[in-house]
Amino acid sequence: MSENSLSIFITSTEEVVLDQKNLRPFGDVQFLFAQSLSRELTSPLVARQFPELAALGFWLRPANLKNIIGKHNLNLDVNLFVPRGLVFHIAPSNVDTIFVYSWFISLLCGNRNLIRISEKINSQNNLLLDIIVKILSKPEFKEIAYSTQIISYGHDDDISKDLSLKSDVRVVWGGDNTIKHFRSFQMPPHATELCFSNKFSLCIIDSDRLNRLSQEQLLKVSKGFYNDSYWFGQMACSSPRLVLWRCCDENIEIARENFWRVFEEVLNKERNFFDAADFVNKEISVDSLAFKQKVKISSKDNRLTKIWLDKPEVYINDHCGLGLFHESKISHLNDLSSLLSRSIQTVSYFGLNREEVFLYVKEQVPVGIDRFCEIGHALDFGSIWDGLDLFRSFLRQIDFK
Amino acid sequence: MQTNEFLNWPIYSFSKEEKRTRLEELLHSLTVHHSISCNLYENLLAARDVKVENKLSLEKVPFFPVRLFKLFHIQSINNKDVFKVLTSSGTTGQVPSKIFLDKETSNFQTHALVKIVQEFLGKNRLPMLIIDHPNVIKDRNNFSARGAGILGLSNFGREHVYALNEDMSLNIDAVNDFCERHKNTNTFVFGFTFIIWQNFVLELERLNFSLNLQNSIFLHSGGWKKLQDIAVDNFTFKERLNKVCGVKKIHNFYGMVEQVGSIFVECIQGYLHTPAFAEILVRDPLDWSIKPNGEMGVVQVLSCIPKSYPGHSLLTEDLGTIHGEDNCKCGRLGKYFEIHGRIPRAEVRGCSDTQVSPTK
Chain A
1 MSENSLSIFI
11 TSTEEVVLDQ
21 KNLRPFGDVQ
31 FLFAQSLSRE
41 LTSPLVARQF
51 PELAALGFWL
61 RPANLKNIIG
71 KHNLNLDVNL
81 FVPRGLVFHI
91 APSNVDTIFV
101 YSWFISLLCG
111 NRNLIRISEK
121 INSQNNLLLD
131 IIVKILSKPE
141 FKEIAYSTQI
151 ISYGHDDDIS
161 KDLSLKSDVR
171 VVWGGDNTIK
181 HFRSFQMPPH
191 ATELCFSNKF
201 SLCIIDSDRL
211 NRLSQEQLLK
221 VSKGFYNDSY
231 WFGQMACSSP
241 RLVLWRCCDE
251 NIEIARENFW
261 RVFEEVLNKE
271 RNFFDAADFV
281 NKEISVDSLA
291 FKQKVKISSK
301 DNRLTKIWLD
311 KPEVYINDHC
321 GLGLFHESKI
331 SHLNDLSSLL
341 SRSIQTVSYF
351 GLNREEVFLY
361 VKEQVPVGID
371 RFCEIGHALD
381 FGSIWDGLDL
391 FRSFLRQIDF
401 K
Chain B
1001 MQTNEFLNWP
1011 IYSFSKEEKR
1021 TRLEELLHSL
1031 TVHHSISCNL
1041 YENLLAARDV
1051 KVENKLSLEK
1061 VPFFPVRLFK
1071 LFHIQSINNK
1081 DVFKVLTSSG
1091 TTGQVPSKIF
1101 LDKETSNFQT
1111 HALVKIVQEF
1121 LGKNRLPMLI
1131 IDHPNVIKDR
1141 NNFSARGAGI
1151 LGLSNFGREH
1161 VYALNEDMSL
1171 NIDAVNDFCE
1181 RHKNTNTFVF
1191 GFTFIIWQNF
1201 VLELERLNFS
1211 LNLQNSIFLH
1221 SGGWKKLQDI
1231 AVDNFTFKER
1241 LNKVCGVKKI
1251 HNFYGMVEQV
1261 GSIFVECIQG
1271 YLHTPAFAEI
1281 LVRDPLDWSI
1291 KPNGEMGVVQ
1301 VLSCIPKSYP
1311 GHSLLTEDLG
1321 TIHGEDNCKC
1331 GRLGKYFEIH
1341 GRIPRAEVRG
1351 CSDTQVSPTK
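Going line by line, the protein sequences match chains A and B. With the numbering used here applied, the first sequence corresponds to residues 1 to 401, in that order. With the numbering used here applied, the second sequence corresponds to residues 1001 to 1360, in that order.
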């Protein structure tokens, strides 16, 4: 490791991590560690100040983890699963907790982990790492401590090159430029890579079904939509940026009017997290699109801006979140096909059912969409992410016949 | 109304109502003109459902962010009529703004600037000291904002002398010579705010040297950010500058490449003043509503000059406060204000490489 590397949180050294044996998949020590960490993160003191850490702590409950593992059909008595070995994680620069999900699944699978985090220090990052280091310094977690290194270094390609050559799996949590950059660093021939590239997400609302909702139900959907969109300032890749209204003309107008009216009430009750720079940036994004395309802009105040598109389009480069929704209409799910690419990740919805979605996917074989979920759940982390089964990605299966 | 009539207006003598009537008229004709001549602008107005037939009040004239001049070629003239393209290289080496001028608008800019500067320097060309080094304007094809500023204002001076050497050290001989030769006449000094501070004031203090520039007028621009970072405010700047060279007339000014010609110059009370053919509005970023006097907001600038490009109503990325109108103690009519600096974090948010993954 070059002198420039900054091991902020020394849980172990590279040499030790490299020499260690892998852990057992789904071993007791990993669940005990998860439990310890979960308890700390959901403690009132932490949870109140950092709801993101609380959510992570909630996810880390051993019962929850075992439930997820069960759903993935990973019974070790039925099939032979072993860890892949050394996993090199590159966390994104601006989300604090995401690396822990990825690291944890990898750890549960028995891998040794080298995690590179951003140099950007903030209080949430600091606290999380403090807690992790504190727990891992306990003797009962020695095995995990020896299998883990969390580091941070500037743009040092030599380090990235070196670590890539030693890894069995490399995980790059975006964006596109970082992925391109890391792809230039070779890995051993057997190694695999998980890359989470820039994504764009949609929301589909069935106007008819929305119109049949009671005020109370509509309010619930609105609140779900708010959580999906405004958490992280609409910068999360799963937050909807294009809203598609399904059905016929008059019903759409009524549905839209009601939906946004109730949504504005929800929005007004919430604190505003945007600042002047955000509002200016959004104006630039909105006006850029308006310069180029024939659209209709609607906004009462800068916290919510809507742009109506005559024809549905994904304007991925003219959208920067910050409380902006492109809108259009479709008459049938099949109309989605022309919009799709591998950049389309989440389709949150109201008023779709399993049958029609399954029929659509089976018949149309769409080239995009990584997941469908109900409004309110767009930001739920799932162990199947961007079309990848994380557990399967961190395990290798030994076939026996 | 003739589009160039504004060049004959008295710079600081229109009252609120006199100015408003005239501005609204001219800005309306510019809005109509640009909506016909510039596709991008027409699309924007249509998207916002703005009906150009109706004359709009000052506050309702459509505006868009200056940064769009970095992202698009926005012009209301044919390519064959392009006479000059102004660019501003951002301080961080980002994409520059491109402003397309025809002969007419370029002339408007020059005349407008002359009228404003003459209010402070008088009608004669004065001997000029430039607080910068001679190579700043050498490469005529590759102007930085600094070079362009110096070249533009050089027209107001004669017998130009550069105060700094190429390595930015003080050319004490040249400066001494200038002061000696012109000690009995009025002189004009121009430089960028931070350079005046760092390479002139601090340097003279270090050398324990003082000059005689008592009869000079200093015009300076470039923003206060770097000085704010070292805790030097306008008051300190003026005081120390006066101490090293005796100058009493020190005028900061605010302007931008997207609206060349209409500069806002500081009066003796320390406020920036709007000339008759330009206006300033301060808006609440939450909903773009107009902030009352005394309250800080995002600055919008309006100008009668931009005819070859729709730059007559622009939202800046600066924060400012309007302190009053028509009643500044310096005697000038019109709005007077201060600029606080850039909106914090006003860089483009990561749409490309810093997308956020959720963690719920």
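In short, the hints are calculated from the structure, not lab data. Heads up, a few of these hints could be off.
Below, simulated DSS-like cross-link-like pairs (lysine-lysine); rule was C-alpha separation at most 25 Å, straight line [stated by the list, open to error]:
# : chain 1 : residue 1 : chain 2 : residue 2
1 : B       : K1225     : A       : K296
2 : B       : K1098     : A       : K294
3 : A       : K300      : B       : K1055
4 : B       : K1291     : A       : K300
5 : A       : K269      : B       : K1291
Short, incomplete list of chain B residues facing chain A, as computed with Cβ under 10 Å [unchecked claim]:
#  : residue
6  : N1039
7  : N1043
8  : A1046
9  : R1048
10 : V1052
11 : F1072
12 : I1074
13 : W1224
14 : P1285
15 : D1287
16 : W1288
17 : E1295
18 : L1319
19 : A1346
Distance windows between CB atoms, simulated [said to hold, decoys possible]:
#  : chain 1 : residue 1 : chain 2 : residue 2 : range
20 : B       : K1225     : A       : V82       : 51 to 59 Å
21 : A       : K120      : B       : I1172     : 26 to 34 Å
22 : A       : V361      : B       : N1293     : 56 to 64 Å
23 : A       : D335      : B       : N1293     : 47 to 55 Å
24 : A       : K180      : B       : K1329     : 41 to 49 Å
25 : A       : H181      : B       : D1326     : 38 to 46 Å
26 : B       : K1225     : A       : V133      : 36 to 44 Å
27 : A       : K120      : B       : N1293     : 36 to 44 Å
What you are looking at is a predicted structure, and each value in this text was computed from that prediction instead of being measured. Backbone N, C-alpha and C define an ideal beta-carbon position, used for all residues, glycine too.
Hint check:
1. K1225/B - K296/A: violated, 38 Å
2. K1098/B - K294/A: holds, 24 Å
3. K300/A - K1055/B: Cα-Cα ~22 Å, so holds.
4. K1291/B - K300/A: Holds, because 17 Å separates the two Cα atoms, which is no more than 25 Å.
5. K269/A - K1291/B: Holds, at roughly 23 Å.
6. N1039: holds, 8 Å
7. N1043: holds, 6 Å
8. A1046: holds, 7 Å
9. R1048: Holds, about 5 Å.
10. V1052: At about 15 Å, which exceeds the 10 Å cut-off, the nearest Cβ of chain A leaves the hint on V1052/B violated.
11. F1072: holds, 6 Å
12. I1074: This hint holds: I1074/B lies near chain A, its Cβ roughly 8 Å from the closest one there, short of 10 Å.
13. W1224: violated, 18 Å
14. P1285: Holds - the Cβ of P1285/B comes within 10 Å of chain A, reaching about 4 Å at its closest.
15. D1287: holds, 4 Å
16. W1288: holds, 7 Å
17. E1295: Violated. Min distance 13 Å.
18. L1319: Interface hint status for L1319/B: holds (7 Å vs cutoff 10 Å).
19. A1346: This hint holds: A1346/B lies near chain A, its Cβ roughly 5 Å from the closest one there, short of 10 Å.
20. K1225/B - V82/A: 51 to 59 Å: Taking Cβ atoms as reference, K1225/B and V82/A lie about 57 Å apart, which means the hint holds.
21. K120/A - I1172/B: 26 to 34 Å: violated, 45 Å
22. V361/A - N1293/B: 56 to 64 Å: holds, 60 Å
23. D335/A - N1293/B: 47 to 55 Å: holds, 52 Å
24. K180/A - K1329/B: 41 to 49 Å: For K180/A and K1329/B the Cβ distance comes to about 59 Å; the hint is violated.
25. H181/A - D1326/B: 38 to 46 Å: violated, 58 Å
26. K1225/B - V133/A: 36 to 44 Å: Since K1225/B and V133/A have Cβ atoms about 38 Å apart, the given range 36 to 44 Å holds.
27. K120/A - N1293/B: 36 to 44 Å: holds, 39 Å
Violated hints for the displayed structure, listed by number in ascending order: 1, 10, 13, 17, 21, 24 and 25.
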